[in-house]
Amino acid sequence: MGADAREPERESVVDPAFERTILHVDMDAFFASVEQRDRAELRGRPVLVGGQGGRGVVAAASYEARDFGCRSAMPMAEARRRCPEAVIISPSFDRYEDESRRIMRIIESASPMVEPLSIDEAFVDVTGSRRLLGEGVDIARALRARIKEDTGLTASIGVGPCKFVAKIASDLEKPDGLTVIGPVGLADRLAPLPVGRMWGIGPRTVERCTAAAIETFGDLQRRSPLELRELLGSSAQRFHDLAHGRDDRPVITDRRAKSIGHEQTFHENIEDPSEVEAVLLRHVERSTARLRRGGRKARVVVVKVRDGSFSTNTRSTTLDAPTDRTDVVWTAARSLFRDWPFRPVRLIGVSLSGLDAEATGSLFDDSDVGDAARRRRLDAATDAIRGRFGGDSIGRTSASLSTPRNRERSEGADRPD
Amino acid sequence: MKLVCSRDALAEALSVAGSVVVNRTPAPVLLCLKLEAKDGFLTVSATDTEIGLILGVAEVDIREEGEALIPADKLNQIVRATNDEAITIEVDKNVANIRGKDAKFKVFGFDPGEFPGTPAFEEGPVEFQTNAGTFRRVIGRTVFATAVENSRYAINGVLLERTDRHLRLVATDGRRLAVARGECGSFEGEDTSSIVPTKALNVLSRLMSDPDEPVSVRRDRNQILFKVGEGPGAPVLSSNLVEGSFPPFEDVIPKDQDKRVEFDAGDLSSAVRRAALLTNEESKGVRLAFADGTLTLSSRAPEMGEAEIKVDVDYAGEPIEIGFNPTYLTEALKHADAQTVLIELKAPNKPGVIKVESDFTYVVMPVNLA
Chain A
2 MGADAREPER ESVVDPAFER TILHVDMDAF FASVEQRDRA ELRGRPVLVG GQGGRGVVAA
62 ASYEARDFGC RSAMPMAEAR RRCPEAVIIS PSFDRYEDES RRIMRIIESA SPMVEPLSID
122 EAFVDVTGSR RLLGEGVDIA RALRARIKED TGLTASIGVG PCKFVAKIAS DLEKPDGLTV
182 IGPVGLADRL APLPVGRMWG IGPRTVERCT AAAIETFGDL QRRSPLELRE LLGSSAQRFH
242 DLAHGRDDRP VITDRRAKSI GHEQTFHENI EDPSEVEAVL LRHVERSTAR LRRGGRKARV
302 VVVKVRDGSF STNTRSTTLD APTDRTDVVW TAARSLFRDW PFRPVRLIGV SLSGLDAEAT
362 GSLFDDSDVG DAARRRRLDA ATDAIRGRFG GDSIGRTSAS LSTPRNRERS EGADRPD
Chain B
50 MKLVCSRDAL AEALSVAGSV VVNRTPAPVL LCLKLEAKDG FLTVSATDTE IGLILGVAEV
110 DIREEGEALI PADKLNQIVR ATNDEAITIE VDKNVANIRG KDAKFKVFGF DPGEFPGTPA
170 FEEGPVEFQT NAGTFRRVIG RTVFATAVEN SRYAINGVLL ERTDRHLRLV ATDGRRLAVA
230 RGECGSFEGE DTSSIVPTKA LNVLSRLMSD PDEPVSVRRD RNQILFKVGE GPGAPVLSSN
290 LVEGSFPPFE DVIPKDQDKR VEFDAGDLSS AVRRAALLTN EESKGVRLAF ADGTLTLSSR
350 APEMGEAEIK VDVDYAGEPI EIGFNPTYLT EALKHADAQT VLIELKAPNK PGVIKVESDF
410 TYVVMPVNLA
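Those protein sequences? They're chains A and B, same order as listed.
Quick note on our numbering: the first sequence kicks off at 2 and runs consecutively.
Quick note on our numbering: the second sequence kicks off at 50 and runs consecutively.
In short, the hints are calculated from the structure, not lab data.
Any given hint could be a false lead.
[To be verified] Below, in silico cross-link-like pairs of lysine to any residue (SDA-like), each with a Cα-Cα straight-line distance of 20 Å or less: (1) B:Lys399 with A:Lys259; (2) A:Lys259 with B:Lys395; (3) A:Lys259 with B:Ala350; (4) B:Lys304 with A:Ser363; (5) B:Lys404 with A:Arg257; (6) A:Lys259 with B:Asn329.
[What the hints assert, rightly or not] Sample of chain B residues facing chain A (criterion: CB under 10 Å; computed from the structure): (7) Arg201; (8) Cys233; (9) Ala338; (10) Asn374; (11) Thr379.
If you're wondering where the values come from, they're calculated on a predicted model, not measured in any experiment.
Ideal Cβ positions, reconstructed from N, Cα and C, are used throughout, including at glycine.
Using the sequences plus the hints, can you model the full thing?
So, in structure tokens, the structure goes:
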């Protein structure tokens, strides 16, 4: 393969019958939109959702606020400086997660193959639904209409032949957009995009790329993976493929995932351990709620922490028995975190693996410890009330939000490594 | 030390002793077997520091008394690979020379003084004695159901209880529970109850090949000793007991099962194994539907297929459908060691029971098929 080959023909030779159709559904300024919907006086005004304290961070900015340069993940003080007239609102997770549950249910009406990415984002594989419900674009149009009708909120949907392209597409015409990037001419369509849109290419790498005259996906397409290796390391082949719109990762529902987890990067270092723990608890609650929804149990708890110097540490523990209980996972995750010599934290995440399809019940759990049964009922009740992502359970301190939601990532896929 | 011995007898002893030795340890002497030639006998000892075994080897001609400490795996491999009827072992300065008709091996060993040793079975009255056939059966009926690791309970071993002359062995991994009963021939002292490691019982089972041999058991606070047979050279196995508490198993043995079906163990096992062919990671359960005169076993693996097997049964009760992990059924049917078994059920969400008269009770949690 020559270094200059763009090979757009490669996509077009695929029999359409074997082509996947993936949707990426992304709610627009989700938290801010929920607030504007519920409080008429906020409509049309710049709204910032997030922590109001000295170290608070913007979790969501309404589009009006974005016109002033406010962005999520920005320190609240900076956002206020840019837009002094903005209304600042403390987040209420319960409501957002309630809303998320309704939205996910609507999405599931299009296909059972839904992979939730975070509270307001999901991939849907509608390949199998096309015969019944029409082409990807028709399904996306119907979904957007139903979300709007049932919740009063707007979603942007990207339609593509793979996850990566669908995700790129949903972002192109935000807010309230619908973008289809088909398999024909895919590489040409992606070519003008700036490299910064690539998953996993952060500002530092963008700088290095710019220095090497790589500014667009097209530039990545024209370089051979070998040439790119110097710049991008072992992921060069992957970036090269993604730049062409080639991404064969399947959409993985929680029922099949090899691991389930959530992590979050902070805009700035968090120096208070209890604040980090509050976020970790929220990750644990969401992850275990997803386990329960998928009828799964996990045996391994992994906590990932990145400190201010960007050194990443993962610690894991194996539980006595597979569990889907929030309190059991939380106890394990917290003690892993507390074993870590605390330094200001940049990223905190939890990942549950060793997922067990074992459906045989336990002989002893409920009979010997009344507490276990009680806690399981609590989990079930919480799930029922708060919805699919789990909520802040009764009696647990809810995580205070001084964190950017848009850099949250969830996992639900059997990642290659 | 110098001796000539029968290849077969040595191979058998080394194989059992080798099963005590661990595969990996920072202490090389623990990877070894100790040979001791004395008073006309050859004994082989092994230990993993938790479990110790000493046993005699028959058909040995001792030319010169002495001791040796030789890596277990090499010694085992050499003896097993040899076709000669007799093998000569000569040890000089911790080096073992093993000779057959056409072969000569030199194996570097260690100083026998470094071997930790194994406890002796003292003379005098024992806690109880039973025959090897009985003991082997009750162990076989339980040891398969132990857990690999302990959870908050000590379940990586078998609970060995004696009440007067009644023996009861219990094992569980938290999802199923096996209880076996037997009698001992003689006993002495107060009733006892302790947890014996799975590995020790597996080694012990290998030592009890002759069902009529007596097995003597002695217990102290944290150790149990077994002697199989009588006289010098009778194997002695010692083991630390598992510390911790056994789960409250009596509470989970159902007492009000109202649906009973008798089966030929082999027929039922075959039906379950065939139904299990169409299960996978996502759908581990096999569905058992009992209705007037027929048991229908079925399974379904998404994106793979389905299976259905019908078995004639003598059942006229209320229809019931219940799911089980097929492995939990086939293992129990295999180790029940009986022609006929009784299946007892109550409801789809309640445990099922497999029974062989009053000697064997196996409780297994169902799989939710919803």
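| query | Checked against the structure, which of the hints given earlier come out wrong? | reply | The structure conflicts with hints 1, 2, 5, 8, 9, 11, although it agrees with all the remaining ones.
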